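Undergrad: Given next are the chains, with one letter for each unit.
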Amino acid sequence: MEKTQIIENIKVRSGGGLVEINDRSLRRIYVTIKKEALPKIARYLFNDVKARFVTASGVDTRTGVEILYHFSIDKIGLMVSLRVILEKPGLEIESLTSIMKCAEWIEREIHEMLGVDFKGHPNLKHLLLKDDWPEGNYPLRRDQQ
Amino acid sequence: MSDKIIPIGPYHPLQEEPEFFRLRVDGEVVTDIDIEIGYNHRAIEKISESKSYDQVTFLVERICGICSTSHPFAYTNAIDDLLGVEVPERALYIRTIIGELERLHSHLLWLGLAGHFLGYNTVWMWAWRYREPVLDIFERITGNRQHYAMFKPGGIRRDLDEADFPWIKKTLKSLIPKFDMFKGAVIDDPVIRARTEGVGVLTKQDVHDYACVGPTARASGVAMDVRKDDPYAAYGKVEWKVITQQGGGVFAKAVVRILELYESTNIILQCLDKMPKGPIDLNIKDMPAGEGIGRHEAPRGEVFHYVMSDGGNSPARHKVRAPSYMNIASNKKAVIGETISDATIILAAVDPCYCCTERMAVVDYKTGKKVFDGQDLIRLSQEKTERLRQKTKNR
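Protein sequences appear in the order of chains A and B. Per the working numbering, the very first residue in the first sequence carries number 411; after that it's consecutive. Per the working numbering, the very first residue in the second sequence carries number 6; after that it's consecutive.
Hints in this document: simulated from the structure, not taken from any laboratory. All figures in this text were calculated on a predicted structure; none of them were measured in a lab. Built from N, CA and C at the ideal position, the CB exists for glycine as well. Worth double-checking, as some hints may not be accurate.
Claimed, not checked - A few chain A residues facing chain B, derived, Cβ under 8 Å:
(1) Leu539
(2) Asn547
(3) Pro549
Said to hold, decoys possible - Pairs of lysine to aspartate or glutamate, EDC-like flavour, derived with a Cα cap of 16 Å:
(4) A:Lys460 <-> B:Glu33
(5) B:Lys282 <-> B:Glu244
(6) B:Lys282 <-> B:Asp211
(7) A:Lys460 <-> B:Asp169
(8) B:Lys51 <-> A:Asp553
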């Protein structure tokens, strides 16, 4: 599948959930979407395009948390990064584990590092931090010491 | 319901990534596995936010003790992507050489360990013996056997001396007959085949579900390789092929790694011939705001780095994902239904630098009595090989 067709399909599938498509370079696209559209587009990329889920990265923007879900379409060497912006307080988003098992660990990691609640995650316990890590203390948050 | 649990891990001096496998067993058969990581979380991503872009190269080089160049490779790719710059061609060739030398020594290291787990200690000794010349090359061209400190955003730190090239080529070519020997010892050996073929199989669908990368994916017939898919450095400028196998088991993973030894040697020899003269560094001074993604096909699979800059002196966010993060999780699929004597080699087959088998212990949870310890488990694995060896002899 061609890059232009993938961009087109993302536009169609996201309905009103698409905010912006940044066609950065030959092999990098950043797509900003509303959080409601995430499962639909993730399902499209993972199940239909057979993209490989690389990882997700979260960053605290002080007013909220921005999560990037990185997918790699290896056949054409394209990275598609879905950007979702969550507002503080009440950082929560639908878990992608029902679509792809491989998102389980990274969602646990973002949960403990940034305090994002992944709704529907089967096992949202600590991954990297020890079990008795203080409740409500998120190491990658900028609004905390 | 089984009441026996085998804890494996989490620490061993040989491991660069401690992890803890809890195998639930029914008799000899593994019925469930629970995987825990995070025993050695060093907060590298957080530390990175307080270092300068140049210092981060040294920081990420210390993530892994075996494939130490993989992370600087992916990180510098991310910075080059962020800046949108063209790195000087000579630097790209040198980066490629360092990356492939690393694959050689890492695959040989794995081959040795796999041989030991299976009771082929000769393979172990050979593999590590022939890893030494690769480390000698590293020492000659970078000054170090590990942690080469060659990479920097926009180029490399030191040039190669053309006077060393004949010696490097001679040393590399002398390794090819040794690789042939391994190919014979591993691929043509009926006992190793019986021990590993069809053991711990991952199907193409499993590879997709668990998002496996590297030799773990390629052994299941998935031709993914970042060097080919998203060419960087000099990988698009030399001739080589992606090695795949269809079996999906431990044997297929071993074959992929052995055949990759030839490809890596081939890539390095071509780079030495094709490398142009010229500058090796862009001397980047300022970092604009922006974001970049860098990838590198490390010996164990794709390393991914995401760097976000706010225009300051340090990364605003630096996300690192190592290949084992994806591959280790696939053990949940590979090991269930197999026997304890095969668990050692299956868990080792994704090459998580996982060498802590002597810390294994089988404990009867009802009585609290130790049934087997780690040495017993390696012995079990080696005895199984010996039985197969005798059987093959008597046929």
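Undergrad: Does each hint fit the structure? Answer for all of them.
TA: Results for each hint:
1. At its closest, the beta carbon of Leu539 (chain A) sits 7 Å from a beta carbon of chain B; the interface hint therefore holds under the 8 Å criterion.
2. Taking 8 Å as the C-beta cut-off, the interface hint given for Asn547 (chain A) is violated, the closest approach to chain B being about 13 Å.
3. Because the smallest distance between the Cβ of Pro549 (chain A) and any Cβ of chain B comes to about 6 Å, under 8 Å, the interface hint for this residue holds.
4. Under the criterion of a C-alpha separation no larger than 16 Å, the hint pairing Lys460 (chain A) with Glu33 (chain B) is inconsistent with the structure, at around 37 Å.
5. As the CA atoms of Lys282 (chain B) and Glu244 (chain B) are separated by approximately 20 Å, the hinted pair breaks the 16 Å bound.
6. Restraint check: the Cα-Cα separation between Lys282 (chain B) and Asp211 (chain B) comes to about 46 Å, which exceeds 16 Å; the hinted pair is violated.
7. Between Lys460 (chain A) and Asp169 (chain B) the alpha-carbon distance is near 46 Å, which puts this suggested pair outside the 16 Å criterion.
8. For a cut-off of 16 Å, the pair hint linking Lys51 (chain B) to Asp553 (chain A) stands: about 14 Å separates their Cα positions.
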